[in-house]
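*Asks:* Generate coordinates for the entire structure from the input sequences, incorporating the hints supplied.
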Amino acid sequence: DVKVTQSSRYLVKRTGEKVFLECVQDMDHENMFWYRQDPGLGLRLIYFSYDVKMKEKGDIPEGYSVSREKKERFSLILESASTNQTSMYLCASTQRTGSIGIQYEQYFGPGTRLTVT
Amino acid sequence: QKEVEQNSGPLSVPEGAIASLNCTYSDRGSQSFFWYRQYSGKSPELIMFIYSNGDKEDGRFTAQLNKASQYVSLLIRDSQPSDSATYLCAVMGHGNNRLAFGKGNQVVVIP
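Protein chains in written order, with the working numbering: chain S, 1 to 117; chain F, 1 to 111.
I should point out that these hints are in silico values taken from the structure, not numbers from a laboratory.
Please note that a few of the clues may not be correct.
[Claimed, not checked] In silico DSS-like cross-links for lysine-lysine, where the CA-CA straight-line distance does not exceed 27 Å:
no. : chain 1 : residue 1 : chain 2 : residue 2
1   : S       : K70       : S       : K3
2   : S       : K57       : S       : K13
3   : S       : K18       : S       : K55
4   : S       : K55       : S       : K13
5   : F       : K42       : F       : K67
6   : S       : K18       : F       : K67
7   : F       : K103      : S       : K3
8   : S       : K71       : F       : K42
9   : S       : K57       : F       : K42
10  : F       : K42       : S       : K3
11  : S       : K57       : F       : K103
12  : S       : K18       : S       : K57
13  : S       : K55       : F       : K103
14  : S       : K3        : S       : K71
15  : S       : K70       : S       : K18
16  : S       : K13       : F       : K67
17  : S       : K3        : S       : K53
18  : F       : K103      : F       : K42
This one's a predicted model, so the numbers in the text were calculated from it and none came from an experiment.
*Replies:* Next up, the structure:
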């Protein structure tokens, strides 16, 4: 059974703290993604990675950085947490895309609900 | 930036009826289309995938794709209370590693 795990389900941090969110997948997927989900705004892509040590900015990368030192692990870092980063954070992974017609399903982790006070 | 639009209001349907959800997208080069279901407090799970024009059926779900008009729809037949969830439309470009998601449609099935 495929699995994407995230380090915490709930996290409370103070403004200015450095926050690490960890994601691990056991499917040997090349691609990994970090999203945040907010009411009325839907799922928004923060960063993604298509290989070890490779990363690309998504739609809302400001205030975030990422690290991918191993294929199975993708970390999201909030360098200095702010209250507007209070959100649900979702990690996902998928095999590398290429051919049309192949179902490149993104598998999601359970999410981390981060509250910054 | 690719845009994926879903009409935003909650959809209430009686049990046993058909729920119809629509999604339009802006990138004409988009190749693959997905419908995810998300229960409250849970993460999204894939329920339908379609890449060629026409209809694709899987159980009580039917996805319909019209690339010329740039829309994709989802029909849920014989709606059940367990179908009450938010449905997310997602679009992928050719050779693209990323999905663009709509904001979702909440469906409430009334027993």
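*Asks:* Next, verify each hint and record whether it holds.
*Replies:* Right, here's what the structure says about each hint:
no., hint, result
1, S:K70 / S:K3, "16 Å, holds"
2, S:K57 / S:K13, "24 Å, holds"
3, S:K18 / S:K55, "20 Å, holds"
4, S:K55 / S:K13, "26 Å, holds"
5, F:K42 / F:K67, "31 Å, violated"
6, S:K18 / F:K67, "45 Å, violated"
7, F:K103 / S:K3, "25 Å, holds"
8, S:K71 / F:K42, "25 Å, holds"
9, S:K57 / F:K42, "25 Å, holds"
10, F:K42 / S:K3, "15 Å, holds"
11, S:K57 / F:K103, "20 Å, holds"
12, S:K18 / S:K57, "20 Å, holds"
13, S:K55 / F:K103, "25 Å, holds"
14, S:K3 / S:K71, "14 Å, holds"
15, S:K70 / S:K18, "21 Å, holds"
16, S:K13 / F:K67, "45 Å, violated"
17, S:K3 / S:K53, "22 Å, holds"
18, F:K103 / F:K42, "16 Å, holds"
Violated hints for the displayed structure, listed by number in ascending order: 5, 6 and 16.
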